[in-house]
Each structure stands twice: as structure tokens, then as C-alpha cells.
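S.K.: One-letter residues, chain by chain:
There are 2 protein chains.
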Amino acid sequence: MFESAELGHQLDKQSYQQFEAELRQSLLSIQYDLKQRADFQVVILLGGVPTAGKSEVANLLLKWLDPRLIATHAFAEPSDEESARPPFWRYWRILPPKGKMAILFGGWYSGPMWDQMQDAAEPIAYERELAKILRLEKMLSDEGVLVLKFWLHLSKDQLKKQIKKLSADSRTAWRVEESDRWFLKNYDQMIDRYRDLLLRTNLADAPWRVIESSDNNYRNISVGRHIEEAIRHHLERGSVRQNRIDAAPLMPSIDGVRLLDTLPLDYVLSKDDYKVQLEELQGRLNGLVRQPQFKQLSVVCVFEGMDAAGKGGAIRRITAALDARQYRTIPIAAPTEEERAQPYLWRFWRHLPPHGQLTLFDRSWYGRVLVERVEGFASHADWMRAYGEINDFEAQIAAANVLVVKFWLAISNEEQLNRFHEREAIEYKRFKITEEDWRNREKWDDYVTAASDLIERTSTPNSPWLRVGANNKYYARIEVLRHLCERIEAALSQQEQPALDVR
Amino acid sequence: MFESAELGHQLDKQSYQQFEAELRQSLLSIQYDLKQRADFQVVILLGGVPTAGKSEVANLLLKWLDPRLIATHAFAEPSDEESARPPFWRYWRILPPKGKMAILFGGWYSGPMWDQMQDAAEPIAYERELAKILRLEKMLSDEGVLVLKFWLHLSKDQLKKQIKKLSADSRTAWRVEESDRWFLKNYDQMIDRYRDLLLRTNLADAPWRVIESSDNNYRNISVGRHIEEAIRHHLERGSVRQNRIDAAPLMPSIDGVRLLDTLPLDYVLSKDDYKVQLEELQGRLNGLVRQPQFKQLSVVCVFEGMDAAGKGGAIRRITAALDARQYRTIPIAAPTEEERAQPYLWRFWRHLPPHGQLTLFDRSWYGRVLVERVEGFASHADWMRAYGEINDFEAQIAAANVLVVKFWLAISNEEQLNRFHEREAIEYKRFKITEEDWRNREKWDDYVTAASDLIERTSTPNSPWLRVGANNKYYARIEVLRHLCERIEAALSQQEQPALDVR
Chain A
1 MFESAELGHQ
11 LDKQSYQQFE
21 AELRQSLLSI
31 QYDLKQRADF
41 QVVILLGGVP
51 TAGKSEVANL
61 LLKWLDPRLI
71 ATHAFAEPSD
81 EESARPPFWR
91 YWRILPPKGK
101 MAILFGGWYS
111 GPMWDQMQDA
121 AEPIAYEREL
131 AKILRLEKML
141 SDEGVLVLKF
151 WLHLSKDQLK
161 KQIKKLSADS
171 RTAWRVEESD
181 RWFLKNYDQM
191 IDRYRDLLLR
201 TNLADAPWRV
211 IESSDNNYRN
221 ISVGRHIEEA
231 IRHHLERGSV
241 RQNRIDAAPL
251 MPSIDGVRLL
261 DTLPLDYVLS
271 KDDYKVQLEE
281 LQGRLNGLVR
291 QPQFKQLSVV
301 CVFEGMDAAG
311 KGGAIRRITA
321 ALDARQYRTI
331 PIAAPTEEER
341 AQPYLWRFWR
351 HLPPHGQLTL
361 FDRSWYGRVL
371 VERVEGFASH
381 ADWMRAYGEI
391 NDFEAQIAAA
401 NVLVVKFWLA
411 ISNEEQLNRF
421 HEREAIEYKR
431 FKITEEDWRN
441 REKWDDYVTA
451 ASDLIERTST
461 PNSPWLRVGA
471 NNKYYARIEV
481 LRHLCERIEA
491 ALSQQEQPAL
501 DVR
Chain B
1 MFESAELGHQ
11 LDKQSYQQFE
21 AELRQSLLSI
31 QYDLKQRADF
41 QVVILLGGVP
51 TAGKSEVANL
61 LLKWLDPRLI
71 ATHAFAEPSD
81 EESARPPFWR
91 YWRILPPKGK
101 MAILFGGWYS
111 GPMWDQMQDA
121 AEPIAYEREL
131 AKILRLEKML
141 SDEGVLVLKF
151 WLHLSKDQLK
161 KQIKKLSADS
171 RTAWRVEESD
181 RWFLKNYDQM
191 IDRYRDLLLR
201 TNLADAPWRV
211 IESSDNNYRN
221 ISVGRHIEEA
231 IRHHLERGSV
241 RQNRIDAAPL
251 MPSIDGVRLL
261 DTLPLDYVLS
271 KDDYKVQLEE
281 LQGRLNGLVR
291 QPQFKQLSVV
301 CVFEGMDAAG
311 KGGAIRRITA
321 ALDARQYRTI
331 PIAAPTEEER
341 AQPYLWRFWR
351 HLPPHGQLTL
361 FDRSWYGRVL
371 VERVEGFASH
381 ADWMRAYGEI
391 NDFEAQIAAA
401 NVLVVKFWLA
411 ISNEEQLNRF
421 HEREAIEYKR
431 FKITEEDWRN
441 REKWDDYVTA
451 ASDLIERTST
461 PNSPWLRVGA
471 NNKYYARIEV
481 LRHLCERIEA
491 ALSQQEQPAL
501 DVR
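For the record, the sequence lines run as chains A and B. According to UniProt numbering, the first sequence holds residues 1 to 503 in order. According to UniProt numbering, the second sequence holds residues 1 to 503 in order.
Worth flagging that the hints you see were computed from the coordinates, not collected in a lab. Predicted, not measured: the structure shown is a model, and the values here were computed from it. It cannot be assumed that every hint is accurate.
Because identical chains cannot be distinguished in the list, a pair is counted as satisfied if it fits within a single copy or across any two copies.
[Stated by the list, open to error] Listed next, the in silico DMTMM-like pairs over lysine to aspartate or glutamate satisfying Cα-Cα at most 20 Å (straight line):
| hint | residue 1 | residue 2 |
| --- | --- | --- |
| 1 | LYS54 | ASP119 |
| 2 | LYS98 | GLU337 |
| 3 | LYS275 | ASP192 |
| 4 | LYS132 | ASP205 |
| 5 | LYS13 | ASP266 |
| 6 | LYS161 | GLU338 |
| 7 | LYS132 | ASP392 |
| 8 | LYS138 | ASP392 |
| 9 | LYS165 | GLU129 |
| 10 | LYS98 | GLU338 |
| 11 | LYS132 | ASP33 |
| 12 | LYS473 | GLU339 |
| 13 | LYS100 | GLU339 |
| 14 | LYS100 | GLU338 |
| 15 | LYS160 | ASP180 |
| 16 | LYS138 | ASP205 |
| 17 | LYS35 | GLU338 |
| 18 | LYS443 | GLU82 |
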């Protein structure tokens, strides 16, 4: 959820000024269009790590926009009037009318976020609060309210630096509160809890937009551009079909830096070293799957990556260590007629291994948010809801003692070209390269964007992605095997302990 | 949820045979259309009270339909293959493809229903299981699967009779299991739990259809007709827009008997007796709202009923007992411009009383599923989702120590006519009667149907409806006052106890 908001996004002063000038003009113009048309309202929810700049962003938006058409609301301890009524009354009373906007600090997430900080939430109260929030947001989007949820993010290091910087200057020291230091001290635990909250409320129609906030320029323009894009999307669609709001398309980061752009791809590993390590890891894997406790466990491996990234090769290095009766490799291509007659996930559910077995997916259910998104085979609404459905699918698998191990094998554009040429040159590899592969290459950039989004939106504590820089095949195969062994070892060592608390 | 399935619905043999002949023909024909078009599949879920006839219904459907295009599945203890995989795998594996149908005994409700019988469900596991089911059904309807959920119902008395009847005949005695007798013994508790399950999974796109099952003829034809109607609705709409399934319209009961048709309307109460009782009850109410504990409580009264049913008169008899500073009366008419610029429930949230106060709604949020449904002011999708939104709204209120007291004042068609004429005849009452009232009278029958549906779908343990036969104004006013006093007394006596466990 937070991966692409820890990349060090930045925007220099000159670009900022240019962006800002355009943004102010277009924000004002869509604000008047919104007022004119008055067929939906906009609720902007601001959450995030302490000191990440919620107030600064709100103040800036008020400066950029016509303040008569936007209001801000914070939710501290309930007032007397509020305490005497049901908890959500405070949100209903400040809902903007159609044609207007409101900025809500935390909004209906204030309660659960506060409880998480206080360790005050009974697990069952937390479940019920989440269910209430989900029903509220569904009702709002059914009623045509555009809900934009922002999470202003800082990594642990960035938060540490931020607190240090603010404290050092007497003009800003007052901004750092005791609770901010407390948050830093408990950062890992708190972020785990907030990640759970965000993942579970990351609705197709009201998705979270996580914004890296260590650089103020980048943060401010990002939030502004997201708001502009989302409102424009609805205005242009003449939209709000049957009252209903559909989410605007995901927007790429304004500095053009995506999650996968920052992954190192080149590693050195000689063929000789590779052979030694390969043999050792294959032996280790073979030993693991023959342990008696492995009978209570199963493994699902997902291999995704650009064409020629080495998925097949990595899979064969795994299966070489296994008994053929213990695993199946499932190559995923276009769905069959039988599969098209079923809900999308059906073709993957049917291949789930029983305990004691492994299934290796060469491409997978991520097709919907990758090739189907890029090629337009799935509608925007369909692939937007797929993130949540996939997370739910994997959570159900993981809860049933299935280890979900997901690999993204990343190669550079040039490396792919080399491999394509190599395949064409070698007789027995020629079948591997088709017209379609060349066509896909032209959309390289769209695939990187889609892949970055999916990794960010489906990396869950139970089913994280491993991104592998794979320009060196040897290195990639070793990384894959090592990670697989480590995950199985960790799972086997937990076998004795009580089951994980998974939804 | 079960109100209209305890009315003693019946179908005589001759009508049955006529219905059956038509039904078989049309079921077969839509089955082939479904096969031909093959753009959605149908999943029929059968749940219900023991001995209510789930198997009989399934067998009959198999007899009526082409068995090559429909399959049945029961879910007992998981098989070895199933236990070795995530729990929902068993449902995915038997999902019918587009163009086909399947009957599922219990389906994904088998688990939670079984757990409820065994007292085995941890509250938090129950919450999570429900959330999983809701996500599954949303995904299915987003993917274009038509899910039809039936609950075959028997009242406690009907179940008792059924068990007695089956046991008495040696040819059917084997049908009665020990667990059925156990269920009868624990009927009230079990029905409360199942009601909760049904209410919370009564989705707009996949609503429960509760069928009274004491008369086999009525039960069989009802289920068959519902299936026919729902599939036809989707076939005719050329439907499955953007893959999405919307629920078919609610179908009236096949014997034409609706919940409100069976309510006795005529009572005798003389004016003298009325005066005595009125004074006594007003005094009692006044005493109650002046108790110190009432400061922790608030009351929301909802008055619904046909025009001239006596809503205003009943309200005035309540307010006469109250201090003007303690209550507000909110007459609900067409929404103002300000209200139309907000989500539907906003206009009601804003009028919620603080603790220590009462708000009396003369008409209410039920307008959406009543006048807006009947007059077509709201789309089918909008009013279908309103039942769930209203239940959620009232649950939130009730959880915040607000007593929700809902009255349906029922008069006969003739009584309304008399009162209209009376109003026209009396100078100072003439303002009360408009052209619109006369127009509404023509749709009397549609209003009775809509009212019966809403009472059934929004009678929750925390916010039940009181149906009052109101042809005699005096009787109705006394009933209303007495019920209000009793509800407040019950709430005050619970004040000391821990809060109710409301979602």
C-alpha cells in the first residue's frame, strides 16, 4: 500500500511553479463547472502520518480554490451536541450539497485511527466499525457523492527527519507534538494497522490515493492534480449515471517515477557461482517439502513479469527440485470458452492445490489488472474492483494455510530486446516469440504503470510481492528459490503456533 | 423478515394445477432462452426452517426443468478434497457456467447457519464470515451471476404441526430427525439468529425471498414463479449491463394475500372510555419523559399510513402530554431544494433529537420505498437498496440510545373515502384534502403492496413496526400511546444494564 510513497518523489521549484499556475487555473474552472452543473458533491478525506502536512495541504487548497465553494472540517472530541446523537451524525451534518466541496480531516476514519493509536479497539468493534464505514461509502457513491481519500505518507526515516527538522527550528518546533514522537517510536506497529485499514477500505469506487509527503512540492501538486483529474473525469463523462459514482482512473505520479522504475535490475552472478548456489537451494527446497509438517501446508507461486523476463526458467529451476506428483505448473493464457462462462476468478480457484502440494502459476489472476487493463479487454469498473477481489481471494487462501508467494521478474526494455533477438536467432527458441510479443513491447510503458499499481495495491502482509531485478537470469533464479525456501521455512516454523488472525 | 410468511398462505388443488401447467411451460422456455443467450448463470440458494421442504422443492424443480441444464449441490461435512483447500473452494467448484442453473442447499450460508445451531460461532468469526459472504455476493453480482436466495419458512406452530403430522404417519416418520425436534425446542432463539443473518445479507442485488411453507402447493408455486420472474426480468432487459446483475422487482405473493390485508382494522372503543384512557396514558407518558434517566435516551417516532389514516391526530395526542421544549414534530413532504442536493437520508439525519428529546416524524424516510417507489420517483435500483440503508440508519440510531418507534396506521379503503368526504364537508378541514389525495387513492393497491414489503423488510429487533388497525380513531390513538409508553418503560429499565449488542 505504501511502496510507491517511499521512493523519494520530488519536484523542483521551477516545475512546482509551472504546475501550480496551471493547476490553480484549472481547479477554479472545474470548481465553477461543478457549481454550475450541481449534480454531485465532492468530499476530500485527508489522512496520513503525523507531520506529513494535512493542514498545509488543506490551507493550500483553500488558497487555490474559491473558498465560498469549499469548507473544511476537523473531528476532535465530539461536541456536546454531537455526543448526544449517533456517532455518524457529525459527518452527515457537514456533508456539502451538490455542486460544493468539503475537506474532512480524517473523516469517518478518525474514530478507528484514533482507536488504533490508543490500543482501544476491541477486535469485534473494529470489524463492525469497518463494516459501517464500507456501508456508508457504498451508500455515498450510490447517491452520487464523489469521495476522494488521500493518505499523506512518510516512511519511518522520513518521519524521523521531519521531526528533527521541525524541532531544530524555533519557528516550527511548536508543530511537533508529544504524540508525533510517540508515533515515530511505534511506527512499524502503527503502519501495519493503518495498512490493514487502508487495504480493507480500498473500494473500487472510493480508492485510497497514497501520496509521498517528504517533499512539499511533490505532495501539494500531487493532491491538487488528483482532485482536478477526478472531478474532471466525472464532469466530462456527463456522468453520475443513475446517481452512481465510479472511480476516476488511477493517475500516475506527477514526477513520472513509478515503483518499478526504481528497482535495480542488474546484478552480477557468475555461472559457476550460480551452479553451486542452485544445487544448494534445490536441495534445501526438496528437504523442506518432504518434511512431515508440509502436509498441513500448500504453496501457490505466482510468476508475473514482462515477456521474456525469465518466468519459465525460474519455474523450471523450482520444479527440478520437486517430485512430479507434488506440484503442478499452470500456464495462464487467454481464457478458454469454459472459463469465459464463469466469474473471472473461477479459473484460478479450480487450480488451488490441496495441502501438501504446490501450484506454480506462469502468469495468473493479475492478468485482469495487467494485460486486460492495458489492452482494454476489461472495463475500467471491472479492473478497478479486481484489486479488492484479488486481495480477498488471497486472504481466503492464506487463511487456509496456503502460502502465497508472488514474484515480479523485472527486466529492462533493452534486455527484453536482446532476448527477443536471441530467441529469433535460435531455432528451438523461435516458437517462443510471436507478433504479439512485439506489439506488447510498444506498450511497455503502460505495462510498467499497471504493474506498479498492482504491486502497490495487492502487497498485503500475508501475500507480499517480491520484486526481482532479473536482467541477470542466474541471479533472478537464485533470488526466487531463496525467497521461496525462506517463506516455506517461516510458515513451517509457525505451524506449531496458533493460526494467524486473518480476516 | 418473516411477517408475511406467517399469514397462512394457501393454494387450493385446482389453482395449483392451473399454475403448475403454465409454470412448467414457461420455466422450460426461459431455461432454453437462458441456454441460448448464455450471458449469465443462475444460482438458487435454498435455506429455511427444518422440514419446510427444501428437498421437495429441489426435486420438483428438477422435474419441471430440463435436468441437463440444472444441477443440485448439498454441503455437508467437507470432503477430504474440500478440507484440504480454502472453505469457499467447494462453492467455486460447483458454480454453473453461463446459460446454466444450480440449486445449492444452504450454499455459503451453510457454515454460519450450522455454527448458529451449534452455538459454535465466536462473535468475531461470525462478523468476518458475514463480511466474506457479502463480498462474495457483490463479486458474483458484479460478474453477472443471478443469485436467488430463498428462505422456506414455518412459524413455531406450523413447525410443531408439521413434525406431528410427519411423525404420525409411518411412511413419513423417517423424515423427522432428532435435530428437527431440537430446533422446535429452541425455535425462538434460532429464529432470532437467522433473522439477523437474513437481514444483514438482504442485499439490493441479491435479496432474500421468504416463502411461507406450511402449504406445499403455495410453497412450490411461489418458488417456481419467483425463479421464472427473476430470470425473465434479466432476459427481457437484454440485461446484464456492464456484466452487472440488478435484482428483479419484488413479486407479490401468488395468493394475493399481503401482510396488511390480514390486519384487523375495526375495534370498538367508546368516546367516554377513550377519554379516560387517554388521560391516564398521557399522564403516564409525561411521567416517563420527566424521569432523570430519560436524559440518557431519545425517542424517534415514525408515523406512516395512508392519507387520512389519523397520523396527525395520533401525534397531537402524544405532544399534548409533552413540554413543548422537549419535542419536535417534523412533517415530511416533497424534499426542498436544499434537501435534494444531498443524499436521501440527509434530511432525516439532520432532525435527529439529542438525548432527552423526542422527534415525531409525520411520514418519514420510508417515503423512498413507499411513495417514491409507487410513483416511480426513485429508480428500481435506488429503492431496492433503500431497505438496507434504512436498516443501517436505524441500527446506528438504536445503538446510540435512541428509541425508534414505528407506527403503521391502517385504515380500510371505505374508511378513507368516508374521511375524505367528511373533510370536504367541514370548512376547516377542507385544506386537508387535495387533488393528489384522490389520485393516490387510485393506486391504493400499489401502496398496500409497497407498505407490506417495507414492513416486512425493515422490522428489526431494535426497530420493529407496530401495525395499528385504525378505522376507529380512538382505538388507534390509545394503541399508539400505550405502545410508546411501553417501549420507553422497557428502554428505561434497560438503562442500568450493559448496552445492547448491536452491529
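S.K.: Does each hint fit the structure? Answer for all of them.
M.R.: Right, here's what the structure says about each hint:
no. : hint              : result
1   : LYS54 <-> ASP119  : neither (23 Å within a copy, 47 Å between copies)
2   : LYS98 <-> GLU337  : between (45 Å within a copy, 11 Å between copies)
3   : LYS275 <-> ASP192 : neither (38 Å within a copy, 66 Å between copies)
4   : LYS132 <-> ASP205 : both (16 Å within a copy, 19 Å between copies)
5   : LYS13 <-> ASP266  : neither (32 Å within a copy, 81 Å between copies)
6   : LYS161 <-> GLU338 : neither (56 Å within a copy, 47 Å between copies)
7   : LYS132 <-> ASP392 : both (18 Å within a copy, 8 Å between copies)
8   : LYS138 <-> ASP392 : both (18 Å within a copy, 12 Å between copies)
9   : LYS165 <-> GLU129 : neither (36 Å within a copy, 47 Å between copies)
10  : LYS98 <-> GLU338  : between (46 Å within a copy, 9 Å between copies)
11  : LYS132 <-> ASP33  : neither (32 Å within a copy, 40 Å between copies)
12  : LYS473 <-> GLU339 : neither (33 Å within a copy, 63 Å between copies)
13  : LYS100 <-> GLU339 : between (45 Å within a copy, 14 Å between copies)
14  : LYS100 <-> GLU338 : between (48 Å within a copy, 12 Å between copies)
15  : LYS160 <-> ASP180 : within (10 Å within a copy, 64 Å between copies)
16  : LYS138 <-> ASP205 : both (8 Å within a copy, 13 Å between copies)
17  : LYS35 <-> GLU338  : between (49 Å within a copy, 14 Å between copies)
18  : LYS443 <-> GLU82  : neither (53 Å within a copy, 42 Å between copies)
Consistency with the previously given hints fails for numbers 1, 3, 5, 6, 9, 11, 12, 18, ordered from lowest to highest.
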